[in-house]
Amino acid sequence: MRQTLLLLKFVVVMSSFIALSSHAETAESGSDSQTAQAWLKRIHSAAQKLNYSGTFIYQQSNQIRTSRITHLFDGKNEREKLEILDGKPREYIRNNEEIVSYVPEIKTLLVEKRVTRDVFPAILAANPADLAEHYNIKTAEAGRVAGFDCQAVILEPKDNLRYGYKLWAENATGLLLRAQTLDERGEVIEQIAFTQLMIGNVDRAKVRPTFSNTAGWRVENAEMTSVALTGWSVKAIPPGFSKIREMKRIISDTPAQPDQSNSRTGVAVVRPTQREVAQIVFSDGLAAISVFIEPISQSRTEGSMQQGAMNITAKRQGDFWLTIVGEVPAAAIKQVANSIEFKPR
Amino acid sequence: MISSSKTMHEQISAFADGELASFDQSGVLTALRAPAERAVWDDYHHIGDIIRSVEMAAAVHPEFAARTVALLESEPIYIEASATGPFLSGHQSWLNRSTMLGAAVAAALLLTVVAGPRLAGMQVGDALLQVALFKSDPQTFGTNAATVVLRDPRMDEYLLAHQRFSPSVFSNAQFSRSATFATESVK
Chain A
223 MRQTLLLLKF VVVMSSFIAL SSHAETAESG SDSQTAQAWL KRIHSAAQKL
273 NYSGTFIYQQ SNQIRTSRIT HLFDGKNERE KLEILDGKPR EYIRNNEEIV
323 SYVPEIKTLL VEKRVTRDVF PAILAANPAD LAEHYNIKTA EAGRVAGFDC
373 QAVILEPKDN LRYGYKLWAE NATGLLLRAQ TLDERGEVIE QIAFTQLMIG
423 NVDRAKVRPT FSNTAGWRVE NAEMTSVALT GWSVKAIPPG FSKIREMKRI
473 ISDTPAQPDQ SNSRTGVAVV RPTQREVAQI VFSDGLAAIS VFIEPISQSR
523 TEGSMQQGAM NITAKRQGDF WLTIVGEVPA AAIKQVANSI EFKPR
Chain B
94 MISSSKTMHE QISAFADGEL ASFDQSGVLT ALRAPAERAV WDDYHHIGDI
144 IRSVEMAAAV HPEFAARTVA LLESEPIYIE ASATGPFLSG HQSWLNRSTM
194 LGAAVAAALL LTVVAGPRLA GMQVGDALLQ VALFKSDPQT FGTNAATVVL
244 RDPRMDEYLL AHQRFSPSVF SNAQFSRSAT FATESVK
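Line order of the protein sequences matches chains A and B. Under our numbering, the first residue of the first sequence carries the number 223, and numbering increases by one thereafter. Under our numbering, the first residue of the second sequence carries the number 94, and numbering increases by one thereafter.
By construction, these hints were calculated from the structure, which means they are not laboratory data. Watch out, some of these pointers could steer you wrong.
[To be verified] So the derived list for chain A, only partly shown, Cβ under 7 Å to chain B, looks like this: (1) Gln225; (2) Leu227; (3) Ser255; (4) Gln259; (5) Phe342; (6) Gly408; (7) Ile411; (8) Glu412; (9) Ile414; (10) Ala415; (11) Val503.
Each residue gets a CB set at the ideal place from its N, CA and C atoms; glycine is no exception.
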């Protein structure tokens, strides 16, 4: 009897010990997730609040593209200039929510309201706590990028319907210095990273447009109105993705060979054919899936394609042509493509 | 036997082409149980699909080996320049002709057997180079023949329209891929 009592006490002590240690373990991994989420918040805030200027490259397989970004924040107003340094020159100057795009080869200015928050190094309009439902968020190793010491944070997808990400944030300010998209095997599909960076002490002249003489340039004002599309829905959207935008847009089909002789006069003579396409955009905060819907007007080929992190599927559904695009694995695109429904009212 | 000096990958390649001797087939089938070998099998089929696709202009004719043998067989073979003369002269004795025919066939077989694997190797090598280059271009996924590479110039427009609204931090760096600027006002 006494032995049984001792045994019972032993078991009680042992199980409470085990319970405590496992609680400590989940508390530890829980606190690491909290720490990692805190880093994500810092990354989000740093891009908006700091003054910085630097060059970064975007790399996907054997392609790279170099850009330069300068960002100023005076406590009230944000001003940002993004220049594409490879290929055709292009520049985007943002004042708070308004962006002016400069397209010198066709001497055009496009004025529009900002639609996405996220230009590198800005990231994550999403709440990190929401992201934690679909990604394991944890801290990784310390590193060094563009001469700055930084901390790596990993977002590991919990299902096979999204990619993973690894982010490096500068230690002192939290500014995002490098980001990678990782596939199911943990291999890098694409990455973006500063190669040269200055934080603080940024000359205001750096956010002024390069093209000072824009007399005679065409000015376009782009406006978009959201239209609630009746009838179209996606039944099996990956969990965590919610509809963020729904609209009709005009897409221009341009001829393969632009008219060279006329482009010198600065007037865009080639008038592309236009068709009206509906677009529904879903996002989980890190990636997005767009569903384009248009009436069939000409014969097209069904099929699928992958370009870096982007997967695309095109298929016919009744009298409509569907194109599904997203920075998600092919399995997710397929799932969306197979669950699109149209119930006309 | 030549087959004992072939590597397993060469045998898998031959099996995929239907050119593997029957005594080797059970060995290959056993090897194909392993995932690494299955991956090689898939690769060779993929390569075969690429080779047979319209884009591959430099495809070796499937009758290449047979044609080579036929050409070799039709070539005259001089065993004794002074005594017999040209093969097709008709003055040979029956014994001589069959000997020469046998020698011609043996020579053709030898040429095929020696040159064959090397030719296949060259084919595979070139195709692998193409595949390596191909990977940097838009590529198909999915294994059925119905999957088509979408070399559609309209793709750029969809990509651009998607990237404008995508929160992906990588989107804006690809912003200006299309040469023209899509007007986006709603009429």
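- Message: When the structure is checked against the list of hints, which entries are broken? Sort them ascending.
- Response: 1, 2, 3, 4, 6, 7 and 10
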